[in-house]
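Enquirer: Dock chain to chain to rebuild the complex, using the hints, since each chain is given by itself in its own frame.
Just so you know, the protein sequences line up as chains A and B, in that order.
Note that the numbering used here has the first sequence beginning at 2, numbered continuously upward.
Note that the numbering used here has the second sequence beginning at 1279, numbered continuously upward.
Because the hints were derived from the structure by calculation, they are not lab data.
Predicted model only: the values in this text are computed from it and were never measured.
Heads up, the beta-carbon is just placed ideally off N, CA and C, and yes, glycines get one too.
Be aware that a few hints might be false.
Okay, derived cross-link-like pairs now, BS3-like style, lysine-lysine, Cα gap no bigger than 27 angstroms in a straight line [what the hints assert, rightly or not]:
hint	chain 1	residue 1	chain 2	residue 2
1	A	K298	B	K1389
2	A	K298	A	K361
3	A	K361	B	K1360
4	A	K298	B	K1393
5	A	K298	B	K1408
6	B	K1360	A	K292
7	B	K1345	A	K292
Stretch-level coverage of chain B by chain A, calculated; a stretch enters the list once three of its residues show a Cβ under 8 angstroms from a Cβ in chain A [what the hints assert, rightly or not]:
hint	region
8	1333–1347
9	1397–1407
Listed below are several chain B residues computed to face chain A (Cβ distance under 7 angstroms; list not exhaustive) [unchecked claim]:
hint	residue
10	M1283
11	L1376
12	A1384
13	R1387
14	H1411
15	D1444
16	V1489
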Amino acid sequence: MLWLALKTLAHEKARLIITVFGVAFSTVLVLMQVGMYIGFMGNATNIIRHVDADIWITSKNIQCFDFTGPFPEERINRVRSHPQIWQAERLILTMAMLKLPAGGVEQVQVLGFNPDSGTGAPWSMLEGGINDVKGGRYMIMDKTSEQRLGSLNTGSIWELGGNRFKLVGLSKGIRNFINAPIVFISYDRTKELYPENQTSFIVVKVRDAKKLDSIVKELNSQLRDNDVYTRKGFIYKTVMYWTVQTGMGMGFFLTAVLGLAVGGAIVGQTIYTNTMEHLRELGTLKAIGAKNSDIYKMIFIQTGISVIIGYTAGSLFLLMARQGMEKGGVDLYLGFWVFVPIFLVMLCTCLLAAFFSIRKVRTLDPVMVFRG
Amino acid sequence: MVEAMNISREYIEGSVRVLAVDSVSLTLRKGEVLLIMGPSGSGKTTLISMMGCILHPTSGEVSVGGKLVTALCEDMLPDIRKRYFGFVFQSFNLFPSLTAAENVEAVLRLKGQNKGNVRAQALHLLEMVKLNHRKDFYPRDLSGGEKQRVAFARALAGDPPVILADEPTANLDSKNATEVLSLLKGLAEGFGKAVAIVSHDPKTEAFAHRVVFMEDGRLKT
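Just chain B, same shape as in the assembly (with noise of 0.2 angstroms):
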């Protein structure tokens, strides 16, 4: 679904040249959970956002849906952001000014759904995460699962074929952090969704169906 192929990354900071990610190849395949780790400042985060098309390599290809997206323009990369991917945050990142639903719903309508739907497409993905009863909570009266379960529904409004979780379980006790590693489990098994997890916590492993380790910049075989 999402292929990388021998992508770098490179920044300056001052004078000195830093190579966050070297020459990485990974391929994301459909109905699989790709689990992604390694310490911190390894470029796992980096890595997660050429591949979501938020960051442009300094050098490789990338391909999503069988087609080549580092060849097209900047401009063109929030039109497969939006029909490719779907994003879960490790701080979350919800719309303070919004409910959950709500929370949802723009993601609905940025995506150009049908507008006289949104509401019934919006509630439905809170069903999925069981969280429908929190519909009208802000973020702010929402527990870390019940967030990180809205940031899910959200990744998942428009029914995108990719789902690139970034540390996922950072914020969460184990408890809520075992049911949302279950919850992209049984998408990618479920749905056929490909998720990739970016994370360093061991417990992770479990759930995914391949892990890759990096460090320095490059997968460690």
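This is chain A alone, in the form it adopts within the complex (with noise of 0.2 angstroms):
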């Protein structure tokens, strides 16, 4: 059945061709739903994925990553009196304006870190070293911020809060969700820009790992006027405000299923119309030997294939459009767990939408073949 469903698929050129083009058309607007929204909860985690600790400590009750508050920073000493933490380090984020060469000023998103410990220093370099913004006002900016910007170039001299900073270091693909550019300072810095002895965050590693939720517990009940995260969790509570709480989720998840809607939709009729277009061939088949379950195959065949070309031509064209999206300030995460799941959605989709031709099959009655 496999070879007729083959032969029959490549002779009506045409109808595979639409067959095709509407699951790759499907294709694009689901992985592409699901890869910018994958795309963009990296970049609202990005920080806490990077920063290499175990407990993230925020002030009370705070939504996400980027809408902290500021909290006694030397409620730090707690932490560290505690007999399970290894290392403690304070970190401070917060909104500044950046004067902009040409005039104007763009709102940037400051990370204040430690260069002696790197924690929370940017993950990938282009230009400079961490340890550049030691002993002065100096920044390291992303080079993905260019777009927002203009032309960055070490050594240049900018206008961040009020006070004048040179530019040190240039990190490559940091992004935020909030899409500010990022500006990382020393801890020390930062200060200048943020209330007086305050801090954002407090991050923590612990001795052992395996001790991790006792040692959230234990910290949570400490800290009264704070709240203890674990890594993982404070990342769960930063996705899940921007999925849920924002609704943005529901609007990708929408788009996305109604991009399956429409891929479902074409591979249906099309090949809801060849069977009824081949009834007579059907039936012959029928008539002859074959068995429903043998045409059954014979159309579940064709969708496959069908699905399994316009599923690598729709993807094919979105790794290639990836580039120039991403240029335009748009993040595509489409990595292996988002094609292997998607194309499963997909093929299930498609499957359950050649379903309309199987009812069809299965009341054909062969006697038909021998009407003239």
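Expert: Okay, here's the thing in structure tokens:
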């Protein structure tokens, strides 16, 4: 039946092209939505994932990483006094205005880190090093910010929060969810932009990762004015905020479902039309001894092949378009764990759509072939 | 080879009960050409459909190769059709997306013939019907007579002992019709096939070993 399915499919080239186009279109739509969503969530949790910490301590009741509040920085001493804490560092995350060379200002997200420990430092450097921010008003910006800020050249002077800062390094591929350019400066210099003696986060490494949950529980009870999260917990909180509380996740989900529906409808319709137009041949097959299951197999093989070709075409198109999209500021995550599950979902949707044809074949009476 | 024993087939059309075939008993023997004649609507095609295990009789029995097939469930009938029957249809019913050789090949594959051998077998069958030179032609590029010869080659695929032909000459000119009928007679006499032809063309009689007439669903004696 594979042979016959392939022969029939190849013979009806126009129909195959329409089906493949439909699947490819649907693939692009779904992959783009899912890839964009994962890309956005990747950006939203970028810093949490790259800071080498087991625990994040934040101000009370924050919504997500980006909307943190200040709390007294000496609270780090209480954290360090816990016997299971190996290392604790403060990070300041704040928004500031950056004056552009051509005039005008841009709001940027500033992350203050300790260059000696490197905790919270940019993890992917193009030019300069993280230690270059030490000892003065020095900053590192990300190459992707050029779209918003114009050309970024090390050695250039910028006005950040009313103070002149020298650009000493360039990182690459570090973005946040709110799409504001990220500026890395030393923790001490960030204090100039932040309420006095306050900090945004305390990030903690524990001695024994197996005791992580109990340590978090203990810290939570000791630090009543703060929230204490495991790294995974903080990632989850941030992702859930952007996905559920803002309604953004539903938007992506609905568009992805729409894409699937479009693909399913096109495949279902072409396969159904194909079945209707070839009822006589299918009846002949039944008359000469094909079982219903043989013909179902043929229809499913044709559907499967259309999905494979369409999905491959759509995926290749998106992989080629990805670079251009990223240049335009859209991060698209397209990995194995996106391609495989979406392929399976797409295949199931199209096979379900082919069921309309199956119903027709089931009731097809082979006696019809004797009618002239 | 095929025996119909007192078979009937009844249809309900709206509130009307139609008896398409009424208590017909008929035997199709090995090596003979049986011609079933009768006017349109006399039940010839319904009879041949039941003898070919495509249609279940409402009552009566059909046996094929000594096996009672009316007792078998619907799911087993395709296997009986594959094993025992080759069909030739009035409107050829070739697969338009397949070439002449591939049309034959498709049936050989369906009948579970060795895949490495099906191409050679298909070409051999086309040679038998003198159509080897058209093996790569699609049905749309063949004449009516050529299409019917491909249909014959297809019916012979897998060497079935019974050939059932429904109005095989209806769409052919008299030269092609004669060729096709000679071919059918040759299959019965030369290869021992049991051949049943349904036709209302009187010229067919000359090629049959036995002729039965049907009228209003019954065999006329």
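Enquirer: Now, for every hint given, state plainly whether the structure supports it.
Expert: Results for each hint:
1. Of the pairs offered as hints, the one joining A:K298 and B:K1389 holds, with about 16 angstroms between alpha carbons and a cut-off of 27 angstroms not exceeded.
2. Between A:K298 and A:K361 the CA atoms are separated by roughly 14 angstroms; this keeps the pair inside 27 angstroms, and the hint holds.
3. A hinted pair counts as satisfied when its Cα atoms are at most 27 angstroms apart, and A:K361 with B:K1360 qualifies at roughly 22 angstroms.
4. Straight-line distance between C-alpha atoms of A:K298 and B:K1393 comes to about 18 angstroms, which keeps the hinted pair within the 27 angstroms bound.
5. The hinted pair formed by A:K298 and B:K1408 fails the criterion: a straight-line CA distance of about 34 angstroms is larger than 27 angstroms.
6. For the hint pairing B:K1360 with A:K292, the CA-to-CA distance comes to about 10 angstroms; that is within 27 angstroms, so the pair holds.
7. This hinted pair checks out: B:K1345 and A:K292 have alpha carbons roughly 20 angstroms apart, not beyond 27 angstroms.
8. With 1 residues having a Cβ less than 8 angstroms from any Cβ of chain A, the region 1333–1347 of chain B misses the three-residue criterion, and the hint is violated.
9. Remark: the region 1397–1407 of chain B is not confirmed as covered by chain A, as 0 of its residues place a Cβ nearer than 8 angstroms to a Cβ of that chain, below the required three.
10. Against a cut-off of 7 angstroms between C-beta atoms, the interface hint on B:M1283 is violated, since the closest Cβ of chain A lies about 21 angstroms away.
11. A cut of 7 angstroms between beta carbons decides the hint on B:L1376: the least distance to chain A is about 6 angstroms, and the hint holds.
12. Checking B:A1384 against chain A: minimum C-beta separation of about 6 angstroms stays under 7 angstroms; hint holds.
13. With 7 angstroms as the threshold, the beta carbon of B:R1387 comes within range of chain A, its nearest partner Cβ sitting at about 6 angstroms, so the hint holds.
14. Interface hint at B:H1411: violated, since its Cβ lies 22 angstroms from the closest Cβ of chain A, which is beyond the 7 angstroms cut-off.
15. Among the interface hints, the one on B:D1444 holds; its C-beta lies about 5 angstroms from the nearest C-beta in chain A, closer than the 7 angstroms criterion.
16. At its closest, the beta carbon of B:V1489 sits 20 angstroms from a beta carbon of chain A; the interface hint therefore is violated under the 7 angstroms criterion.
Of the numbered hints given earlier, the model fails hints 5, 8, 9, 10, 14, 16; all others are met.
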